[in-house]
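Go ahead and model the full structure; you've got the sequences and the hints to work with.
Residues 1 to 998 in the UniProt record's numbering are what the sequence shown spells out, letter by letter.
No wet-lab data here; the hints were simulated from the structure. One or more hints might be untrue.
Computed cross-link-like contacts, DSSO-like style, restricted to lysine-lysine with a CA-CA straight-line distance of at most 30 Å [stated by the list, open to error]:
#, residue 1, residue 2
1, 202, 253
2, 202, 224
3, 113, 690
4, 355, 638
5, 893, 795
6, 795, 871
7, 795, 832
8, 871, 832
9, 730, 802
10, 219, 202
11, 253, 219
12, 219, 244
13, 646, 690
14, 871, 590
15, 399, 469
16, 452, 638
17, 802, 590
18, 690, 638
19, 730, 795
20, 893, 871
21, 452, 690
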Amino acid sequence: MTRRRRQLAVVSATAALAVAVTSALPGAAAAQAPTKAKGSGFLGEDSHHLDDLDTRTSRAQPSTEQKAAAAQTRSGNQRGAAPATVTWNRFGSAATITPAGTGATALATGLGKDPVAAARAYLVRQATVLGLTESDIDAMEHVTTNEIGGSSAVMFRQVVGGVPAGLDGLVVVAVEDGTARYLTSSLAPTRGAAVARTAAPKLTPEQALIRAAGNIGHKVSDVKRSAPSNARTADTGWTSLQAKGLLGDQQVKQVAVPVPGGAARTAYHVVTRAEQDEGYSVYVDAATGEVLARDGLVDHDSDNPRWSVFTSVPEVSQAPADTRVQWCWTTASGCSESVQNPASPLAWDVDPVTKMTTTTTSGNNATSGERWVAGGVVTPATQRSDRSYTYPFTGQWTKERCNPANYASPQRNDIDAATSNLFAMHNRMHDWSYQLGYTESAWNMQRDNLGKGGLGGDPELGYSQSGAKSGSRNNANQGTPPDGISGYSNMYLWQPLAGSFYAPCVDGDYDMSVIGHEYGHGISNRMAGGPDRGLSGLQAGAMGESWSDLMATEYLQEQGYVPFSSTATPMGAYVTGNADHGIRNYNFSKSPLNYSNVGYDQTGPQVHADGEIWSATHSDIRSAFITRYGGGDAELQKSCATGATKVEACPGNRRWIQLVFDAWLLMPSGAVSMTDARDAMLAADLLRFKGANQDLLWDAFAARGMGRGASSTSSADSAPIPSFESPYAKNATLTFNPSGDSGRPVTGAKVYVGEYTARSRPIADTDPATSLGSSFTTVPGTATYTVTAPGYAQKQFTFTAKPGQTRAMPVSLTTNLASTLAGATVTGAGTKVTAMTDGDEGTTATTGDAPTAAQKVFTIDLAGGRQVVRKVQVSALPEPGSAGRFQNLRQFKVWACDAKGRVSCAQDGDYREVFTSPADAFPGTAPRPVAPELKMREFDIPQTAATHLRIELVTNQCQGGPAFQGEQDDDPANATDCTTAYSGAQKIAVSEVQVLRR
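Shown next, in the form of structure tokens:
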């Protein structure tokens, strides 16, 4: 699905980036049973994908000289300079230099009219702050210039000891009419420090490839140089290699790698691919062979061609009708839309070299083909000399319920229709994003860049029904190597898999939310961080997933293919069969998440779930822009989408998505945190709209925990510090004041913003052992809060903060009679049994793998002796690694015993059943249970006097979920019934049981 990179969901198929396209069918292959999702794809689970790695873990501080120069910058005590704020990056150079004060837009004036010269002149003025010499700045390479409104975003690359930086070492200066407006950098100081070695590297490119392959777990041999199979220019420094054990061309280039607090290292940047859905950039020290860093790459009428397409998705039906429309290059009879536009000077099916039609699914922007065998040859759609790519669609995969016999049938599983649809959608995403700034100079994907900047030789490669015969299912992914090497996208068939994922029998090649999401990874990974490195780290990867969701939604709504609304179009609703939230935990326009919730999902910190935090934030921002600037009508939306109407006259949604694209050009590193990306978007608004929306942006970011005081140590930070304070709002100050049953203050209580506590960070507490404190500042409005305290039941409530007020936040807590901290005990067979009554929703108890009826019963000796009980609170949201999604609790019973006289509550017969939960107490739905369906829920039970309660775990999601039952396809090699075909079907997990008097 992303430059890495990242994948919507699931699996298989990455073949070499430069896979040859052939008109011959692949050799017959035996059908294999469908395989589970893996890789960092659409699903993002069961991953074999390696985490990003950066061994440069230290952080350098700026020198005394730099700090003194920064103080001068802050005061504006320089010729032609205005007061500015300086922040520092990990290398000890300036991370950002921004105008000081609300409404300020200038850093320095009198720099000259030429943007590149002006930007370099400003760098010279700030050389001391940056920790560089004037000669360092003179040696910098000009990478690109992109326009943001009236400003030019000029990017330079640092050259250290004669070697260009290949990892970090970038700076962007935004200038307009001789005025500098913004600076952001990943530069490393060189004043007083040694420079990179200039002697020849000790390792050869071949040896570097061997080291890189070993780092990703592959042993290679017979490494040899080869002519590149793409059209990458010969003077870019890349060496093409091939080796046994790797797929296709591997690319190696010598670079410098800055190191915090030390000399830069001469290294090799190795772009390597070994498996269908695997690709990495690995940076190998050229002297020692040490791996310094690793980033995952996987995060078309004879003169008027026409394509039959599903503009959004097919109808949801067991017998889908052919509801496609026809797109034509120019207006013609029978066509619903003309797709000719300036973003594609040539028709989609034209070879840019010969200027002749390819008569198939290949052109300047994209090449698409069937690849039924993982890693096998790629076959474009059947040639059409009349350029009428209107192949038949029968809906065979759906109608025949995933029957693998389809491949050998006359309809061939509608493969030509699927390939043509994928090809057309890739071209539409190319053209749509081009108008927003994803152009040649911003490193887009084209075979020929037509002299407009950037490197050619890298059209998007689309693989339809990828790995179908190899059993690949339930995913999509995008690999995005550096500029000049083709990106590639795998679309898969979808199918129900027992205890893993219950998808309908559909083809992902027809779901534009999935296709748009994957292509979106190609956009964000190319535009953010420069041409050679994409997004890296947890938070950057999470935003990559989010940006792809946001782009897919915006494209579909802006084009009118789904209803225009502030409500998001669910990602993968068609391929997952879930019209509410699709592949995600939430429809992001209806999400409770905020920055304090990083890691909230049962998977722990993870790019797909945590990306929903960024999506929810941007959903708020988009809605606020629409409120301020309107939504326009369909005609205006399309005029804006084609660039016919300037963005300054467009509806709010178009202004918002333009800022999303602009902000990427202000990120000189792909290893950005959410607060870094927030700052880039604020800067983009200063450049594009002269700061007209600073209030709107700050208020929206603050409401989701990314306010003025929010911070992260790095992109990898899984516990960032939230802040709900906006510099543009009349913030309220609240003091958390919890009390217990007796009315006395409760010590050790924590209050969280939102609905999640496990792995979340509180905003205030009453624990004297922490430095957090009981007061916090927030933007005004009504918010949901959740409170935990030792020995007390978790409590959720809403609270309204009024503008500018200072007030107490009183909260009345109730003793948790099941809490071990309050004096209760819990017994029973299983793993970590006491975890179910420890007051922590982030810890989990489980039964054995095959428990007897008695082993699914847990006895709680209530705190304080005999009690009158009226409620229980139960959570099935497990801690990471404790249980699979389908093993989480679905239904339970409560039994009671009152110990008195001869009744000791030691015998089964002492207990009577007092409550049976609904069968769907935790209502997991297809395609899989998700966090909102599993987290803490409250249940009223009949008023019961008892000294002991028993909790009986009746069913898990697998046993009790109707959507996971029975045989759901006609694939003889694939049993789908969860109870009988899933090896973990008997185990049941529960995270918390709380017992309340009221």
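For each hint, the structure was consulted:
1. With a C-alpha separation of about 14 Å, the suggested pairing of residue 202 with residue 253 holds against the 30 Å cut-off.
2. For the proposed pair residue 202 and residue 224, the alpha carbon gap of about 18 Å is at most 30 Å, so the pair holds.
3. Taken as a hint, the residue 113 and residue 690 pair is honoured in the structure, with Cα atoms around 19 Å apart against an allowance of 30 Å.
4. For a cut-off of 30 Å, the pair hint linking residue 355 to residue 638 stands: about 29 Å separates their Cα positions.
5. Distance restraint check for residue 893 and residue 795: the Cα-Cα separation of roughly 22 Å lies within the 30 Å cut-off, and the hinted pair is therefore satisfied.
6. In summary, the hint linking residue 795 to residue 871 is supported, as the alpha carbons are separated by about 13 Å, within the 30 Å threshold.
7. A threshold of 30 Å between alpha carbons decides the hint, and for residue 795 with residue 832 the separation of about 24 Å falls inside it, so the pair holds.
8. Note on residue 871 and residue 832: the hinted pairing holds, with a Cα-Cα distance of about 24 Å set against a maximum of 30 Å.
9. Under the criterion of a C-alpha separation no larger than 30 Å, the hint pairing residue 730 with residue 802 is consistent with the structure, at around 9 Å.
10. A distance of roughly 21 Å separates the Cα atoms of residue 219 and residue 202; the hinted pair therefore holds under the 30 Å criterion.
11. This hinted pair checks out: residue 253 and residue 219 have alpha carbons roughly 21 Å apart, not beyond 30 Å.
12. Distance check on the hinted pair: residue 219 and residue 244 sit about 9 Å apart at the alpha-carbon level, within 30 Å; holds.
13. About 15 Å separates the Cα atoms of residue 646 and residue 690, which keeps this hinted pair within 30 Å; it holds.
14. A C-alpha spacing of about 28 Å is found between residue 871 and residue 590, which places the hinted pair at or below 30 Å, so the restraint holds.
15. With a C-alpha separation of about 18 Å, the suggested pair residue 399 and residue 469 falls inside the 30 Å cut-off, and the hint holds.
16. Of the supplied pair hints, the one linking residue 452 and residue 638 holds, its CA atoms being roughly 25 Å apart against a limit of 30 Å.
17. As the CA atoms of residue 802 and residue 590 are separated by approximately 23 Å, the hinted pair is consistent with the 30 Å bound.
18. The straight-line distance between the Cα atoms of residue 690 and residue 638 is roughly 25 Å, inside the 30 Å bound, and the hint therefore holds.
19. Distance check on the hinted pair: residue 730 and residue 795 sit about 28 Å apart at the alpha-carbon level, within 30 Å; holds.
20. With a C-alpha separation of about 13 Å, the suggested pair residue 893 and residue 871 falls inside the 30 Å cut-off, and the hint holds.
21. For a cut-off of 30 Å, the pair hint linking residue 452 to residue 690 stands: about 28 Å separates their Cα positions.
Against the hints set out earlier in the document, no violation occurs for any number.
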